[in-house]
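Since chain C is already given, all that's left is putting chain S on it; use the hints.
These protein sequence lines are chains C and S, in that order.
Mapped onto my numbering, the consecutive letters of the first sequence carry residue numbers 3 to 116.
Mapped onto my numbering, the consecutive letters of the second sequence carry residue numbers -7 to 107.
Accuracy of the hints is not assured; some may be wrong.
Pulled a few chain S residues facing chain C out of the computed Cβ check, cut under 8 angstroms [claimed, not checked]: (1) F38; (2) P71; (3) L95; (4) F97; (5) G98.
No lab work stands behind these hints, which were simulated from the structure alone.
Here a beta-carbon is modelled for each residue, glycine too, at the ideal position from N, C-alpha and C.
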Amino acid sequence: DGGITQSPKYLFRKEGQNVTLSCEQNLNHDAMYWYRQDPGQGLRLIYYSQIVNDFQKGDIAEGYSVSREKKESFPLTVTSAQKNPTAFYLCASSIAGRSNYGYTFGSGTRLTVV
Amino acid sequence: AQSVAQPEDQVNVAEGNPLTVKCTYSVSGNPYLFWYVQYPNRGLQFLLKYITGDNLVKGSYGFEAEFNKSQTSFHLKKPSALVSDSALYFCAVPPKNTGFQKLVFGTGTRLLVSP
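The shape of chain C in the complex, shown without the other chains (with noise of 0.2 angstroms):
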């Protein structure tokens, strides 16, 4: 079946360490998008890409990077410099260029800092 998978579902991070948390499609879709959520809160965007190679940042992108080498893949580094890294994480994917098809998502990351 087609569809994004994110690992690990949970991951602990130490103060000043950097994480990354995976994200793979199998949907053959170009765009990819990396949004977190908090206790109680709607979706902001960090980070989205349209093409292999190329990514743009979102609303709240500082603390965060992403790499887009392969169409299937776009994982997210939390780095040292996220000073409130806790929260759930949320990967998802949609054909570019195509505003009435909407987006399928992975199940998430739970990130917490120890």
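Leaving out everything else, chain S in the frame of chain C:
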């Protein structure tokens, strides 16, 4: 700018009663509108969408939504709520004229269905 608003943080309903989760939009022209559902510790799942045509859209799990252009609303409805419908619901709209689909989400409404 295109936007959606969900005026209620939480909706409480008894099992078996009808439910409505509200969404209003601010979009130029004819909008595309989406509803997603999120269960605890899970990603968002697509429920339904309005693209064009019939104003009453039917979706997954018995949900439907009515597009009302005069009231700029796209409320989510279900005739008889189930306890398992308890979740977080988001409406969303893609911005127009960007050449790229980047959904704008509402703040979410938590639905609690009591037994």
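Hint check:
1. F38: 6 angstroms, holds
2. P71: Since the shortest Cβ distance to chain C is 24 angstroms, the answer is violated.
3. L95: Because about 6 angstroms separates S/L95 from the closest Cβ in chain C, which is inside the 8 angstroms limit, the hint holds.
4. F97: 5 angstroms, holds
5. G98: 7 angstroms, holds
Hint violations for this structure: number 2 only, all remaining hints satisfied.
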